[in-house]
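Between the sequences and the hints, there should be enough to build the whole structure, so can you do that?
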Amino acid sequence: MNALPCTIYVSFTGALLALAVGGRSPTLARIVALASALTAWGIALFSAIHFVPDAAGPVTLVDAPWIPQMGIRYHLAADGISLTLVVLTGLAATAGILFSWNITERTGEFFAFFLALIGGVYGVFLSADAFLFFVFYEIAIVPKYFLIAIWGSTNREYGAMKLVLYSFAGSALVLAGLLWAYAAGGAHSFGVAELARVAVGFSHGQQVGMFALVFLGFAVLAGMFPFHTWAPTGHVAAPTAASMLLAGVVMKLGAYGCLRVAMPLFPLGFVFWQPMIAWLAVIGIIYAGLVALVQEDFKFVIGYSSVSHMGFVLLGLAAANARAVSGAVLQMFSHGVIAGLLFAVVGRMVYERTHTRKLAELRGMALYQRLPFAATVFVLAGLASMGMPGFSGFPAELTILIGTWQAAPWAAALAAVGVLIAAAFTLRVIQVSFFGQAAAGSAPLPPLPPITLPEKCGAALLLGATILVGLKPDLLLELIRPALQAPFFQAVLKGGAL
Amino acid sequence: MSLDYRTLFEALRPEGALIIGALAVLGFDLSILRRLSESLRYRASLAVGAAAVVVAGCLACCGPYGPVFGGVLILDRLAVATRIGVLSLTLIALGTVASGQKLRHSAEYVAIMLFAASGLTLMAATQQLLVAFLALELASLSLYILAGFDKARPEAAEAGLKYFLFGGMAAAFLLFGFSLIYGLTGSVDLPEIAARLAAHAPGPLLMVALIMVLVAFGFKAAAAPFHLWAPDVYEGAATGSASFIASASKLAGITFFTRILWTGFYPVSGDASSLPLAPGWVPALAAVAGFSMLVGNFGALAQTNIRRLLAYSAISHSGALLLGVIAVGDFGVGPLFYYAFTYGIAVAGAFTVISVVEKSGPCQKITDLGGLFQRAPFLTGCLAIFTLSLAGIPPLAGFFGKFSVFASVLRLGGLGGPVGWLVVLAIALSAVALYYYLIVLKQALVTPAAQGATRIVVAPVAATTLALAAVLIVLLGLRPSLILSLF
Chain A
1 MNALPCTIYV SFTGALLALA VGGRSPTLAR IVALASALTA WGIALFSAIH
51 FVPDAAGPVT LVDAPWIPQM GIRYHLAADG ISLTLVVLTG LAATAGILFS
101 WNITERTGEF FAFFLALIGG VYGVFLSADA FLFFVFYEIA IVPKYFLIAI
151 WGSTNREYGA MKLVLYSFAG SALVLAGLLW AYAAGGAHSF GVAELARVAV
201 GFSHGQQVGM FALVFLGFAV LAGMFPFHTW APTGHVAAPT AASMLLAGVV
251 MKLGAYGCLR VAMPLFPLGF VFWQPMIAWL AVIGIIYAGL VALVQEDFKF
301 VIGYSSVSHM GFVLLGLAAA NARAVSGAVL QMFSHGVIAG LLFAVVGRMV
351 YERTHTRKLA ELRGMALYQR LPFAATVFVL AGLASMGMPG FSGFPAELTI
401 LIGTWQAAPW AAALAAVGVL IAAAFTLRVI QVSFFGQAAA GSAPLPPLPP
451 ITLPEKCGAA LLLGATILVG LKPDLLLELI RPALQAPFFQ AVLKGGAL
Chain C
1 MSLDYRTLFE ALRPEGALII GALAVLGFDL SILRRLSESL RYRASLAVGA
51 AAVVVAGCLA CCGPYGPVFG GVLILDRLAV ATRIGVLSLT LIALGTVASG
101 QKLRHSAEYV AIMLFAASGL TLMAATQQLL VAFLALELAS LSLYILAGFD
151 KARPEAAEAG LKYFLFGGMA AAFLLFGFSL IYGLTGSVDL PEIAARLAAH
201 APGPLLMVAL IMVLVAFGFK AAAAPFHLWA PDVYEGAATG SASFIASASK
251 LAGITFFTRI LWTGFYPVSG DASSLPLAPG WVPALAAVAG FSMLVGNFGA
301 LAQTNIRRLL AYSAISHSGA LLLGVIAVGD FGVGPLFYYA FTYGIAVAGA
351 FTVISVVEKS GPCQKITDLG GLFQRAPFLT GCLAIFTLSL AGIPPLAGFF
401 GKFSVFASVL RLGGLGGPVG WLVVLAIALS AVALYYYLIV LKQALVTPAA
451 QGATRIVVAP VAATTLALAA VLIVLLGLRP SLILSLF
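For the protein sequence lines, the chains are A and C, in the order given. The letter at position 443 of the first sequence is residue 443 when you use this note's numbering, and the numbering goes up by one with no holes. The letter at position 242 of the second sequence is residue 242 when you use this note's numbering, and the numbering goes up by one with no holes.
Keep in mind that the hints were calculated from the coordinates and are not lab data. Treat the hints with care, since some could be wrong.
Stated by the list, open to error - No farther apart than 25 Å at their CA atoms in a straight line, the calculated lysine to any residue pairs in the SDA-like style are these:
| # | chain 1 | residue 1 | chain 2 | residue 2 |
| --- | --- | --- | --- | --- |
| 1 | A | Lys162 | C | Ala431 |
| 2 | A | Lys162 | C | Thr367 |
| 3 | C | Lys102 | C | Ala152 |
| 4 | C | Lys442 | A | Pro5 |
What the hints assert, rightly or not - Some chain A residues well away from chain C (every beta-carbon gap over 10 Å; in silico):
| # | residue |
| --- | --- |
| 5 | Pro53 |
| 6 | Gln69 |
| 7 | Gly186 |
| 8 | Met276 |
| 9 | Thr354 |
Glycine included, every Cβ here is placed at the ideal spot set by N, Cα and C.
Here is the structure:
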């Protein structure tokens with residue numbers, strides 16, 4: 001358990017090492033990156049398996065004074081929620097490195113930025129001090145710009161800048177809200193518990209304002225409608241591994257911030273905004289699904305589907321009962337795995353072999369014959385994304401819908417329409433991209449380069465995770481549920497109608 | 001009033017070391033070094049200058065403490081820290097000079113920089129209007145010469161002249177303000193002035209005096225709307241001068257303003273933390289701060305020249321620093337000093353990078369940095385650290401500087417009043433700022449090098465300077481307590 005902070009250190013050390021060796025040997029950089037990611041993931045898995053929950057709240061890992069003049073502590077702690085997401089981060093990082101095995105341009109730097117991003121993400125999930133949380137959150141922003149702007153594709157500089165400015169503007173809102181709470185309450189530190197203590201004394205108006213700033217700031221990164229537009233362009237522009245991480249893990253940072261910081265700190269503010277969040281979540285689910293339905297670029301379909309699926313997470317948070325929120329956390333994990341898989345197939349397996357992502361062009365390529373492995377993986381991932389039983393998406397979305405039904409039946413009903421739309425756009429894209437036929441009488445299509453071993457390993461990891469959690473969701477739910485019983489969350493997770 | 005010349009002498013040892021150093025540089029250059037080659041002369045003057053700065057820094061660490069010479073000087077924590085800070089930044093600026101193209105008459109250049117540094121260290125410790133003005137003018141006159149020193153280029157002459165005209169005007173305003181204050185209170189000692197001001201109700205004449213002083217401070221700090229000289233000076237001056245003006249001079253200036261405003265004019269500070277405003281210099285300073293942040297950040301967006309971009313970024317940072325001055329009265333100078341010092345390191349580091357790049361080609365346009373990652377990976381890494389620190393990205397020092405200043409300003413009155421709103425404005429504008437800093441880094445890290453661009457050789461002096469600055473930025477960012485615990 002106490003090894004968990006090493007996930008952060010291993011990632012940052014790996015980043016420096018990859019940078020150092022990258023100039024001489026790209027292969028060595030890849031191995032260093034993979035070794036760091038595997039080590040961190042191993043630590044995360046080990047800690048999750050041996051985790052003993054504490055009814056009082058997160059278990060402290062490290063707690064040392066950092067900037068005593070402002071009461072800032074280097075305080076890392078973990079509970080079931082953070083462990084779930086730490087395990088997801090390790091998985092997505094490992095798979096991402098496997099899927100970027102073929103990066104030849106500036107390899108060392110690529111893995112350095114990648115691992116720096118991962119280190120920041122681990123840090124966010126483990127922070128128990130709001131300042132520390134924010135520091136890691138911002139550390140995770142800058143590497144994204146370079147990952148996309150240097151190694152990206154379509155419109156990459158625009159996509160990178162848009163994504164980074166949205167994230168940074170969101171984090172600026174968070175900073176303003178947190179500083180406001182710190183200053184107005186006369187808090188002695190930035191510990192989340194201390195801020196929660198002073199927040200009790202705030203007036204209703206203050207709580208409403210602070211919650212709006214902090215929640216909105218995080219929700220931008222979670223892809224909440226109408227602040228989601230960075231997500232599709234950013235995901236499309238990013239190189240495969242970065243898309244996998246962005247959709248798989250980074251969007252979770254936003255949702256995690258909403259759950260961990262915004263909601264428990266300002267429960268009155270949350271109650272005020274709750275119906276609005278539920279509406280925006282539902283609109284996001286349906287709107288992004290409909291937009292995904294008419295996309296002509298394969299990757300944009302996945303990009304918008306991410307926004308739609310993240311809508312479920314926000315809906316679960318808005319419903320604010322233990323069931324819906326545990327479903328939301330499960331959905332964060334599930335979507336992290338499935339989105340990673342979908343982006344891997346589109347960006348790495350298909351695009352780098354066919355050099356097109358246009359559905360109209362893919363239609364004539366008969367990819368189910370030429371890339372059977374990719375087709376199989378994509379069909380399975382698509383089924384998981386649609387919420388078929390047996391995959392992780394099913395228990396996650398079902399739990400959210402049941403929990404939401406208890407709070408607001410109308411929202412659950414509307415979100416269920418979103419599930420249907422998800423099935424529609426997923427089936428459409430499966431059919432068009434993989435099961436089209438070559439035009440009759442045309443010359444036989446040349447064979448495409450075969451799927452490599454790292455790709456197969458990465459796909460197997462992600463598929464294995466989604467099926468394992470789909471068959472036995474209690475593996476994670478048993479981690480998540482006790483965490484939500486902590487007194488810290490009880491002020492906000494009251495249940496009841498919306 | 002006890003006049004203790006011995007303590008005065010001890011208190012002024014750093015300035016003495018700097019002036020002796022300056023004279024030594026000039027003397028050596030006129031005598032022994034005359035026969036040596038140009039490059040050896042250049043190196044020798046820089047080495048002697050650097051040695052003088054180091055000696056002065058050591059002397060600044062271990063001097064008397066408290067009021068000196070009847071309160072003409074005050075050596076408190078802020079003064080000592082600022083002196084050491086100014087001298088460290090001077091050392092970095094000398095490194096910038098050493099990393100760049102050789103200037104003619106290097107000995108004079110170094111000597112003038114040392115004179116300027118002695119003025120700046122004196123500014124940090126003064127507590128009396130006359131000495132304050134003398135110290136400021138000693139520093140300013142030297143800085144005008146430094147700005148225009150590179151006579152080979154007309155831009156440098158333009159920079160020097162503009163800086164001189166604006167600065168001279170500011171000095172006139174300041175002196176006029178000071179004389180009004182003296183006329184009103186009958187004293188030039190800051191604590192005495194504060195006591196007299198507290199006893200009388202503020203009248204219109206005092207407001208005129210305050211406005212005069214604030215206008216002068218605005219000029220000196222390059223705060224909008226008095227900022228117009230900054231872009232031209234940063235663009236035209238020799239890189240070492242620009243680095244020095246942007247870093248050491250700014251740190252000393254902020255300490256100087258803080259001292260005069262909070263020690264001397266404390267009773268007429270007014271209040272801007274909640275509505276309605278209480279008239280005084282705080283609301284005026286808040287307005288200047290807000291305007292600077294707007295002008296600086298939006299002005300920087302339009303720049304294609306890297307130095308002008310740094311100038312506009314300096315204007316916006318001035319705004320944030322002046323905002324920090326407001327919070328000093330209640331929450332101490334720690335955050336403000338930390339911000340000003342780390343800002344100085346970052347901007348001096350950025351100028352050092354420019355200086356090294358300039359050795360192998362022009363470095364004026366942002367696009368001149370194109371493909372730097374291929375031409376000099378080390379420089380690129382350093383530039384990334386400095387730029388991201390300016391942008392306020394953790395864990396670099398610039399982030400904590402902004403954070404602590406904003407936190408202390410917000411503690412004045414929360415979001416309920418104008419200064420609270422200014423903090424929100426500043427935080428919002430940091431997203432704008434990230435855009436233009438990323439534009440710079442995009443050139444350095446993303447854009448491939450132009451055809452025929454050669455590798456840049458980083459000389460050992462330049463590498464040491466850059467490494468020192470970069471390590472300081474990272475170290476102070478990770479351990480802000482190293483500085484905060486001084487106060």
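Status of each hint after checking the structure:
{"no.": "1", "hint": "A:Lys162 with C:Ala431", "result": "11 Å, holds"}
{"no.": "2", "hint": "A:Lys162 with C:Thr367", "result": "21 Å, holds"}
{"no.": "3", "hint": "C:Lys102 with C:Ala152", "result": "12 Å, holds"}
{"no.": "4", "hint": "C:Lys442 with A:Pro5", "result": "32 Å, violated"}
{"no.": "5", "hint": "Pro53", "result": "31 Å, holds"}
{"no.": "6", "hint": "Gln69", "result": "4 Å, violated"}
{"no.": "7", "hint": "Gly186", "result": "8 Å, violated"}
{"no.": "8", "hint": "Met276", "result": "21 Å, holds"}
{"no.": "9", "hint": "Thr354", "result": "26 Å, holds"}
The structure is inconsistent with the numbered hints 4, 6, 7, although it conforms to all the rest.
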